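Chemist: Here is what each chain is made of, one letter per residue.
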Amino acid sequence: MAFLEISNLKKSFGAVDILKGIDLDLDKGGFLVLVGPSGCGKSTLLNTIAGLESITSGDISIDGQVVNDLHPSKRDIAMVFQSYALYPNMTVGQNIAFALEMRGVSKAEREAAVDKVAKTLQITHLLHRKPSQLSGGQRQRVAMGRALVRDPRIFLFDEPLSNLDAKLRVDMRIEIKRLHQTTGTTIVYVTHDQIEAMTLATKIAVLKDGEVQQVGTPAQIYNTPSNLFVADFMGSPAMNLIEGTIALENGAARVVLTRANAASISLSLPAMETAITDGQKVILGIRPEAITDPASADHNSKHIDIINAHVDVVEPAGADTFVVTHIAGKEVTARLRADIDVMSGQAIDFAFNMDKAVLFDPASTRRIA
Amino acid sequence: MSVDALLKAPAAEPSRSTATTRVVIYGLLLLFAAIYILPLAVMVMTSLKPLDEVTGGNMFALPHDLTFQPWVQAWGKACVGLTCEGIKGYFGNSLKMVIPAVLISTLMGSLNGYVLTKWQFRGHRLVFGLMLFACFIPFQSVLIPMATILGKFGAFGEYLTETVGWDFGFGAPTENLVIVHVVYGLGFTTLFFRNYYDAFPTELVKAGMMDGASFFQIYRRILLPNSTPIFIVTVIYQFTNIWNDFLFGATFAAGDAMPMTVALNNVVNTSTGVVEYNVNMAAAIIAALPTLFVYIVAGRYFVRGLMAGAVKG
Numbered sequence: 080m081a082f083l084e085i086s087n088l089k090k091s092f093g094a095v096d097i098l099k100g101i102d103l104d105l106d107k108g109g110f111l112v113l114v115g116p117s118g119c120g121k122s123t124l125l126n127t128i129a130g131l132e133s134i135t136s137g138d139i140s141i142d143g144q145v146v147n148d149l150h151p152s153k154r155d156i157a158m159v160f161q162s163y164a165l166y167p168n169m170t171v172g173q174n175i176a177f178a179l180e181m182r183g184v185s186k187a188e189r190e191a192a193v194d195k196v197a198k199t200l201q202i203t204h205l206l207h208r209k210p211s212q213l214s215g216g217q218r219q220r221v222a223m224g225r226a227l228v229r230d231p232r233i234f235l236f237d238e239p240l241s242n243l244d245a246k247l248r249v250d251m252r253i254e255i256k257r258l259h260q261t262t263g264t265t266i267v268y269v270t271h272d273q274i275e276a277m278t279l280a281t282k283i284a285v286l287k288d289g290e291v292q293q294v295g296t297p298a299q300i301y302n303t304p305s306n307l308f309v310a311d312f313m314g315s316p317a318m319n320l321i322e323g324t325i326a327l328e329n330g331a332a333r334v335v336l337t338r339a340n341a342a343s344i345s346l347s348l349p350a351m352e353t354a355i356t357d358g359q360k361v362i363l364g365i366r367p368e369a370i371t372d373p374a375s376a377d378h379n380s381k382h383i384d385i386i387n388a389h390v391d392v393v394e395p396a397g398a399d400t401f402v403v404t405h406i407a408g409k410e411v412t413a414r415l416r417a418d419i420d421v422m423s424g425q426a427i428d429f430a431f432n433m434d435k436a437v438l439f440d441p442a443s444t445r446r447i448a
Numbered sequence: 043m044s045v046d047a048l049l050k051a052p053a054a055e056p057s058r059s060t061a062t063t064r065v066v067i068y069g070l071l072l073l074f075a076a077i078y079i080l081p082l083a084v085m086v087m088t089s090l091k092p093l094d095e096v097t098g099g100n101m102f103a104l105p106h107d108l109t110f111q112p113w114v115q116a117w118g119k120a121c122v123g124l125t126c127e128g129i130k131g132y133f134g135n136s137l138k139m140v141i142p143a144v145l146i147s148t149l150m151g152s153l154n155g156y157v158l159t160k161w162q163f164r165g166h167r168l169v170f171g172l173m174l175f176a177c178f179i180p181f182q183s184v185l186i187p188m189a190t191i192l193g194k195f196g197a198f199g200e201y202l203t204e205t206v207g208w209d210f211g212f213g214a215p216t217e218n219l220v221i222v223h224v225v226y227g228l229g230f231t232t233l234f235f236r237n238y239y240d241a242f243p244t245e246l247v248k249a250g251m252m253d254g255a256s257f258f259q260i261y262r263r264i265l266l267p268n269s270t271p272i273f274i275v276t277v278i279y280q281f282t283n284i285w286n287d288f289l290f291g292a293t294f295a296a297g298d299a300m301p302m303t304v305a306l307n308n309v310v311n312t313s314t315g316v317v318e319y320n321v322n323m324a325a326a327i328i329a330a331l332p333t334l335f336v337y338i339v340a341g342r343y344f345v346r347g348l349m350a351g352a353v354k355g
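Chains A and B supply the protein sequences, listed in that same order.
When you line the first sequence up against the working numbering, it's residues 80 to 448, in that order.
When you line the second sequence up against the working numbering, it's residues 43 to 355, in that order.
Among the hints, erroneous ones may be present.
[What the hints assert, rightly or not] Heads up, simulated EDC-like pairs for lysine to aspartate or glutamate below, C-alpha to C-alpha not over 20 Å straight-line:
hint, chain 1, residue 1, chain 2, residue 2
1, A, LYS153, B, GLU245
2, A, LYS282, A, ASP311
3, A, LYS435, A, GLU368
4, A, LYS209, B, ASP298
5, A, LYS409, A, ASP377
6, A, LYS107, A, GLU84
[Said to hold, decoys possible] Only part of the chain A face toward chain B is listed, based on derived beta-carbon distances under 7 Å:
hint, residue
7, PHE82
8, SER162
9, ARG182
10, SER185
11, ALA187
Hints are computed from structural coordinates only; laboratory data are not their basis.
In this text, all values refer to a predicted model and were calculated from it rather than measured experimentally.
Here a beta-carbon is modelled for each residue, glycine too, at the ideal position from N, C-alpha and C.
Same shape as in the complex, but just chain A (with noise of 0.2 Å):
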């Protein structure tokens, strides 16, 4: 039995579904990402986890206990939360004892504990301090100071990271993932930024209008997305994703791609577990990873497919340049190497590297293969 386990969870305010049947388990030691769009319910499902808030139908439980209606002090759980929620009253030393004084810890044990937080989270020198005197990475600090110094049995982050700027977002998130890995605490985290969901993750549950779309380590959710959504969601840029009809010829299936003022494309596929049949209207799914200039096409892969195309818009991005070309009415994001000299209205060969292609049910939005 999982450490973390939810089963068929409702909630609903009213008349409105929030979460509609969520099914999700976690084992001891793991970092569980919770991300999705904004109000598809990854919140609000954190919350009740909490316990801030009361669920509709279903199970929580935490160790084989059914946490459903326990208060939320009730669950040894830590929280951090989005804004940090410091006490402004209080000095980061006594926000971090806070929790351990409500519990009647004696203030020896208080100080020590906290002592212990602080050096780990390098704070010691602040514990004087209010929380207004602090600068944003060092309140997130006191903040996870504050869950850590309980030692609870999980910890929930409520999008601990997105009122930091840039830098200090990519620190903390090292800091974060250093963190699951030096204390093997269990987590359970919430974002709406898929690169800290691929990061940080040991699993991942996408979620949408308070449904699981997927749920995989961060490789089966980049490599073999569940969904349309999934698909679109995981990555940035995002996955190109072209319509195209299958064709079968002498056994080898391949997908063609109709231009609307040059030949179709033909692009051929690997061998598919799932059946398709000749002219099923199919999504082609390639990232731009995949979409390279074919000298630095990987060539491990056994199926390269050389295509020529347009450049529409040139984006260097220092480590890569990433190039905007028009395939079967689409635009699609392409790879190439930093030093690569294109320019917009020239057209050049882009290596499809078809090994890592996915394919999409239109009607569906599923993947077949």
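Dock chain B against chain A, hints included.
Modeler: For chain B alone, kept in the frame of chain A given last:
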């Protein structure tokens, strides 16, 4: 005209008109300030003059023979109705009424605001709407129902005296006034605190819950320490209103229990002998001093507090 001159011309003109505008603005402000200060100045000057100088001289003249006798007289000897022991006793009555009434109504308003914003229950909007309604009820319309209720309290007090030997303050005039002012002030204090706590970050309350703090621990440890501005606003507002109240005082507390405002009226309206304007003025200033004191001590928080919550953050 050169381009430079064209560019400079509009800049030069407003500076002259700005100066004129300023003179007009400050002149008007000074005039209004003088009009506002005049009554108080006349009161202070009159209270420091002997009576013959008041009746014989110019109202705006500075005191010729400076004397504090009217103040001493107002405090200790002035006649209120038939007793001539000054207003000191009634000043005390007002204090005994105003302090508990302000503290209780403020504290209860604060608890109401806390519940209405952070522990919302089904129908919390309706409850708040009804409390708001209390702010618009005219004093006069509640006098008779209030008298009936206070009469019941009095009977209950007598019953308690017979059975337990003490009335627990039920039916006593000062305690009655405290009850009336608490009930009447609750609408306002609840409104103030609800609006202040509405802007108070709910995540802090949630964090408190996660940390294991109880309803009252969250209130006492997290909300109260961050409510100073609104407490000061409410205390000033309630103190001024309750101290200055005349109608309830005149209706529900007669004789020895009457508050300062009613006593002042009786001092001024005493019809025997000559009218001692200087004593009346001194008594009036004494009656106004506590509210003045509260404003001066806490006034700077007043503006700050009224502004707080207007903008988020």
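Chemist: Taken at face value, is the distance from the CA of B/GLU245 to the CA of A/LYS153 at most 20 Å?
Modeler: Measuring from Cα to Cα gives roughly 18 Å; hence the hint holds.
Chemist: Given the hinted pair A/LYS107 and A/GLU84, is their alpha-carbon gap at most 20 Å?
Modeler: OK: A/LYS107 and A/GLU84 at ~11 Å, within 20 Å.
Chemist: Was the hint right that A/SER162 lines chain B, CB cutoff 7 Å?
Modeler: Since chain B brings a Cβ to about 5 Å from A/SER162, closer than 7 Å, the hint holds.
Chemist: At a threshold of 7 Å, is the proposed contact between A/PHE82 and chain B supported by beta-carbon distances?
Modeler: Result: violated, 19 Å to nearest chain B Cβ.
Chemist: A/LYS409 and A/ASP377: Cα distance at most 20 Å?
Modeler: With Cα atoms ~24 Å apart, A/LYS409 and A/ASP377 exceed 20 Å; violated.
Chemist: If you draw a straight line from the CA of A/LYS282 to the CA of A/ASP311, is it 20 Å or shorter?
Modeler: Measuring from Cα to Cα gives roughly 19 Å; hence the hint holds.
Chemist: If you draw a straight line from the CA of A/LYS435 to the CA of A/GLU368, is it 20 Å or shorter?
Modeler: 9 Å, holds
Chemist: Does the nearest C-beta of chain B fall within a distance shorter than 7 Å of the C-beta of A/SER185?
Modeler: Cβ of A/SER185 sits 16 Å from chain B, so the hint is violated.
Chemist: Are A/ARG182 and chain B close enough, Cβ to Cβ, to be under 7 Å, as the hint says?
Modeler: 5 Å, holds
Chemist: With a cut-off of 7 Å on the beta carbons, see whether A/ALA187 makes it to chain B.
Modeler: 19 Å, violated
Chemist: Next pair to validate is A/LYS209 with B/ASP298; report whether the Cα-Cα distance is within 20 Å.
Modeler: This hinted pair is violated, its Cα atoms lying about 52 Å apart.
Of the numbered hints stated above, those contradicted by the structure are hints 4, 5, 7, 10, 11, listed in ascending order.
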